[in-house]
Amino acid sequence: MSGPSDYQPTNPALKWIERRLPIMGLMHSSFVAYPTPRNLNYWWTFGAILSLMLGLQILTGVVLAMHYTPSADVAFRSVESIVRDVNYGWLLRNMHAAGASMFFFAVYVHMFRGLYYGSYKEPREILWILGVIIYLLMMATGFMGYVLPWGQMSFWGATVITNLFSAVPYFGESIVTLLWGGYAVGNPTLNRFFSLHYLLPFVIAGVVVLHVWALHVAGQNNPAGVEPKTEKDTVPFTPYATIKDMFGVSCFMLFFAWFIFYMPNYLGDADNFIPANPGVTPAHIVPEWYYLPFYAILRSIPNKLAGVTAMFAAILVLAFLPWLDTARTKSSKYRPLAKQFFWIFVIVCVLLGYLGAQPPEGIYVIAGRILTFCYFAYFLILLPLLSRIEKPRPVPNSIAEDVLAKTGGGGAPMVSTVIALAIAGALFGASVQNAMAEEQQVPPSQKWSFAGPFGTYDRGALQRGLKVYKEVCSACHGLSYIAFHNLADPGGPGYTTAQARAFASEYKIKDGPNDQGEMFERPGRPADYFPSPFPNEQAARAANGGAAPPDLSLITKARSYERGFPRFVFDFFTQFQEQGPNYVDALLQGFEEKPPAGVTLPAGSFYNKYFPGHAIKMPKPLNDGQVTFDDGSPATVPQYARDVTTFLMWAAEPHMEERKRLGLQVFVFLILFTGLMYFTKKKVWAAAH
Amino acid sequence: MNPDASTIAAGAPIDVDLTPIAEGQDIKVFWRGKPIYISHRTKKQIDEARKVNVSSLPDPQPDQARVKEGHDQWLVVIGICTHLGCIPIAHEGNYDGFFCPCHGSQYDSSGRIRQGPAPANLAVPPYQFVSDSKIQIG
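Taken in order, these protein sequences are the chains called A and B.
Numbering-wise, the numbering used here puts 661 at position 661 of the first sequence, and it's gapless, one number per residue.
Numbering-wise, the numbering used here puts 35 at position 35 of the second sequence, and it's gapless, one number per residue.
It should be emphasised that the hints constitute simulated quantities derived from the structure, not laboratory data.
Bear in mind the structure is a predicted one, so any value in this text is a computation, not a measurement.
We put the CB at the ideal spot given by N, CA and C, even for glycine.
Please note that a few of the clues may not be correct.
[Said to hold, decoys possible] Sample of chain A residues facing chain B (criterion: CB under 10 Å; computed from the structure):
| # | residue |
| --- | --- |
| 1 | W180 |
| 2 | Y183 |
| 3 | G279 |
| 4 | L298 |
With the hints as extra help, turn the sequences into a complete structure.
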């Protein structure tokens, strides 16, 4: 893409092709001979990381789409069956879901790098604007992808975001109807979002080609912000940039793999493990972490139209950056004031992200308004002003001079501290789980055999838990995502196929219609799923005083509680994922005979210490001695609660052991590979320094 | 990309029988995929809704304009918050009406916005009384 190449193939077959379609020459001049500034730092490897992420998202997405059903009735179930039944479906799904977060993480680093080093300035304005377009497309794609699993947060996120367009004067309602394809978010909405979610990544890929083209015409910016002048200022893309990018990519993959294999639900919301229900709004609707700063801006403005306008303006203002910041010096390294304000701006963005996850009340609203002002002031007041009053330090004459001078060593510790802060802050916003009632008691943290990087299920507990479920819970609660043959799956309760078949045959399963057109009952087979106690939700509701007992297949992932700052930062390193099991275990033991003084319960409710609001419709389910165990384990409520929780954790995450085992292998490989890349990079670059 | 024929057909008017709804209670029915709250208001709720100084409201509308004459006890509103489309909870909030859990908008016993970010009152769907105890929505 940078002019005619001197690439001369020697192989006659390649020569024949090259004369007719000079594609090898194009590749050679773009990615081999292409001169890159020799002073690029590691922030520049995020371009390669982003290309890789886009490729991975498309690849995993195409395979996921082969197994996904975009229909409001079965979308949720089809995602669960991808995770449970498709070969390595759990891996594909985790890669795709965590991959979206990683994609945004990388794009934010990439954008902040551009901001810091002035990569949007002449002659790279179009390059920058193409980047803003990619970012907008990414946001649309990410949003529509989040709708597809059709959980509660998918549905209500879709409702809130599509309703943003109703703020548009005159055309608002028609735009929203077009988005919905009906009178509310529903099946037609899901179908069109699926179609667009499949289309947009390829549009992104197209714009990325333009982005790279524009990059190769204008040439890369660099930390010194001076353009290459002589050959001494540059090194060829291959091997220098290629190997450096490879090292950057493998470091990033380590970070990515941590989420895929050990923290798959850390960035998600527990509410999205509850199937979409148009009749119930979750208490606290939170978008994915990467939208939180903009969500905070939306909510900090009390007027609907103004809020929506501000939110979109916050993104579009980026496109005007080349004309807002008119300073001649590109790199903030040589701009003492711009440098400090840049880091303040980063902190403002992180704090906005934090506020986006908080309930919109009291101090949060005021803080949100101040920070929204700061956000816009940075672009509209500060940058134009700085370019007029700031006295930049002298820039080096050439890149070669910059490399030899080795400047900027003193600033590095401060910079890395702020980066660490920013990352911690981003995770801050990310880990916010569904908000429960304020007076909510936090369940005690238990020791679980399945916690941590080497955790496995306790087979005895799984078998005892299954017994508790069968004899007690199954009277009211379904387990409809578990089939009988799963009981013999590796990593499960450890039954043999024959035992699972015998277990299944004790159940009566409704089948039909037969030749007479009638439904009939037959003994269960391994392929059958656990039958639910009620034919439908209404029947369940009617039989249980108005509260339908939830299906338990996903309950340990669908329940959570706030961990609060700074604990969830440590959770990232300790791989703490056990909010759900802690909650279920605590709930089963949290019943009290009499409510505390001053608390009155509605008729037909029972007092539970850990239930949000404390009034639960389920009577105390477990009592000492209710279930007898063959292995001599104590017949006590704590033992029952622990065993059934372990069993339900397995029901929610049947491939957990395989996931952690594969994770270990991947980590060993990646660490070795990263080390190899590091030393190769050192060797290759030894000549250039 | 507008709604297809079957979606439109499914959005035809529906009849709702009001006899089972006791005073002070309300039901939620779905019409065109939207929840419709039908409230049988108490005397107190009606009085509260009528006592307010209409011009002081963010979206001024007298209670009389939001119910059918002669059927003052029946409030029929679309249960979708006019802010960003969440479903408000009935019998909550400070105004004896509806409370939206998403962004904290509060509506009174006439479904009018009183507090919070929502710009307008809860919409009243098109409906009429077929008889004293039956309405047709749509």
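Going through the hints against the structure:
Given the 10 Å rule on beta carbons, the hint for W180(A) holds: about 8 Å separates it from the nearest Cβ of chain B. Below 10 Å, beta-carbon pairs count as interface contacts, and Y183(A) has one with chain B at about 4 Å; its hint therefore holds. With its C-beta approaching chain B no nearer than about 6 Å, G279(A) sits inside the 10 Å limit, and its interface hint holds. Given hint, L298(A) at the interface with chain B, holds; its Cβ is 9 Å from that chain's nearest Cβ, closer than 10 Å.
Comparing the model with each earlier hint shows no violations; every hint is respected.
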